Amino acid sequence: MLLKLLNLAVTPRVAVGSDIVWVPDIRASVEQFGERYLKFIFTEKEIANCTRNKEEISCWGLAARFAAKEATMKMLRPNRDQLLPWRSIEVVQSPNGAVNIKLHAPASRMAGAAGIDQITLSMSHERDYATAVVVGMGKATYHQ
Amino acid sequence: MEGKIRQILKDHGRLSIDTTKLAVDSDLYQAGMTSHASVNVMLALEGVFDIEFPDRMLKRSVFESISAILTAISELKTN
Numbered sequence: 001m002l003l004k005l006l007n008l009a010v011t012p013r014v015a016v017g018s019d020i021v022w023v024p025d026i027r028a029s030v031e032q033f034g035e036r037y038l039k040f041i042f043t044e045k046e047i048a049n050c051t052r053n054k055e056e057i058s059c060w061g062l063a064a065r066f067a068a069k070e071a072t073m074k075m076l077r078p079n080r081d082q083l084l085p086w087r088s089i090e091v092v093q094s095p096n097g098a099v100n101i102k103l104h105a106p107a108s109r110m111a112g113a114a115g116i117d118q119i120t121l122s123m124s125h126e127r128d129y130a131t132a133v134v135v136g137m138g139k140a141t142y143h144q
Numbered sequence: 145m146e147g148k149i150r151q152i153l154k155d156h157g158r159l160s161i162d163t164t165k166l167a168v169d170s171d172l173y174q175a176g177m178t179s180h181a182s183v184n185v186m187l188a189l190e191g192v193f194d195i196e197f198p199d200r201m202l203k204r205s206v207f208e209s210i211s212a213i214l215t216a217i218s219e220l221k222t223n
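Taken in order, these protein sequences are the chains called G and Y.
Just so we're aligned, residue 1 is where the first sequence starts under the working numbering, counting upward by one.
Just so we're aligned, residue 145 is where the second sequence starts under the working numbering, counting upward by one.
There's no promise every hint is true.
List of simulated lysine-lysine pairs, BS3-like, C-alpha gap at most 25 Å [what the hints assert, rightly or not]:
{"#": "1", "chain 1": "Y", "residue 1": "Lys165", "chain 2": "G", "residue 2": "Lys39"}
{"#": "2", "chain 1": "G", "residue 1": "Lys39", "chain 2": "G", "residue 2": "Lys102"}
{"#": "3", "chain 1": "G", "residue 1": "Lys102", "chain 2": "Y", "residue 2": "Lys203"}
{"#": "4", "chain 1": "Y", "residue 1": "Lys221", "chain 2": "G", "residue 2": "Lys39"}
{"#": "5", "chain 1": "G", "residue 1": "Lys74", "chain 2": "Y", "residue 2": "Lys221"}
{"#": "6", "chain 1": "Y", "residue 1": "Lys154", "chain 2": "Y", "residue 2": "Lys221"}
{"#": "7", "chain 1": "Y", "residue 1": "Lys221", "chain 2": "Y", "residue 2": "Lys203"}
{"#": "8", "chain 1": "Y", "residue 1": "Lys154", "chain 2": "Y", "residue 2": "Lys203"}
{"#": "9", "chain 1": "G", "residue 1": "Lys45", "chain 2": "G", "residue 2": "Lys102"}
These are computed hints drawn from the structure, not numbers from a lab.
Bear in mind the structure is a predicted one, so any value in this text is a computation, not a measurement.
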């Protein structure tokens with residue numbers, strides 16, 4: 001009501017990103033580059049969440065997490081000269097299996113600058129493909 | 145050095161263009177290199193040239209063209 005009186009409109013800050021990954025690409029990278037690839041892209045917790053029986057890496061899980069990171073990057077839209085390390089975007093998993101995005105510096109600073117303070121993630125995989133969608137929301141801006 | 149870079153792009157870059165025909169300042173991302181492919185290119189460059197890209201160089205612009213990659217490797221080889 002007050003906003004109407006002041007003739008102001010409210011625009012919530014919303015940004016979205018999505019990505020799809022071909023699982024064999026991830027498998028090939030793990031096989032060719034091994035630990036260097038894994039540690040460059042994924043945090044220790046992400047690798048642990050994708051490891052079965054203490055040894056076997058789930059490439060579907062890695063692919064979904066890569067898609068989530070790339071979707072987050074698309075949501076944040078860094079320019080070509082901005083540093084955005086893959087590990088600064090982390091897929092965290094709760095005991096019930098739910099996943100979400102946790103940002104570390106510099107990704108967290110980038111989100112703050114973009115006015116994004118809430119992020120929601122959805123991941124999926126089927127056969128040779130994994131996909132993720134990320135929605136970022138922030139404080140509303142007021143304008144006439 | 146340029147020849148090795150072109151070979152790495154052919155092997156790992158997933159480009160839609162013949163790497164031998166790429167101009168040195170052609171945008172590799174527009175030529176089809178995805179973010180994941182750029183990771184593989186970076187890791188392959190480190191292996192072939194025995195270098196390690198420091199964090200400050202892990203930006204899209206460093207890998208956006210053959211000339212940009214050449215500049216980065218030359219800098220790392222010099223230091």
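Here's how the hints hold up against the structure:
1. Y:Lys165 with G:Lys39: This hinted pair is violated, its Cα atoms lying about 34 Å apart.
2. G:Lys39 with G:Lys102: Measuring from Cα to Cα gives roughly 17 Å; hence the hint holds.
3. G:Lys102 with Y:Lys203: Holds, at about 21 Å.
4. Y:Lys221 with G:Lys39: holds (24 Å)
5. G:Lys74 with Y:Lys221: violated (33 Å)
6. Y:Lys154 with Y:Lys221: holds (23 Å)
7. Y:Lys221 with Y:Lys203: holds (18 Å)
8. Y:Lys154 with Y:Lys203: Within the cut-off at roughly 21 Å; holds.
9. G:Lys45 with G:Lys102: holds (12 Å)
The earlier numbered hints that this structure contradicts are 1 and 5.
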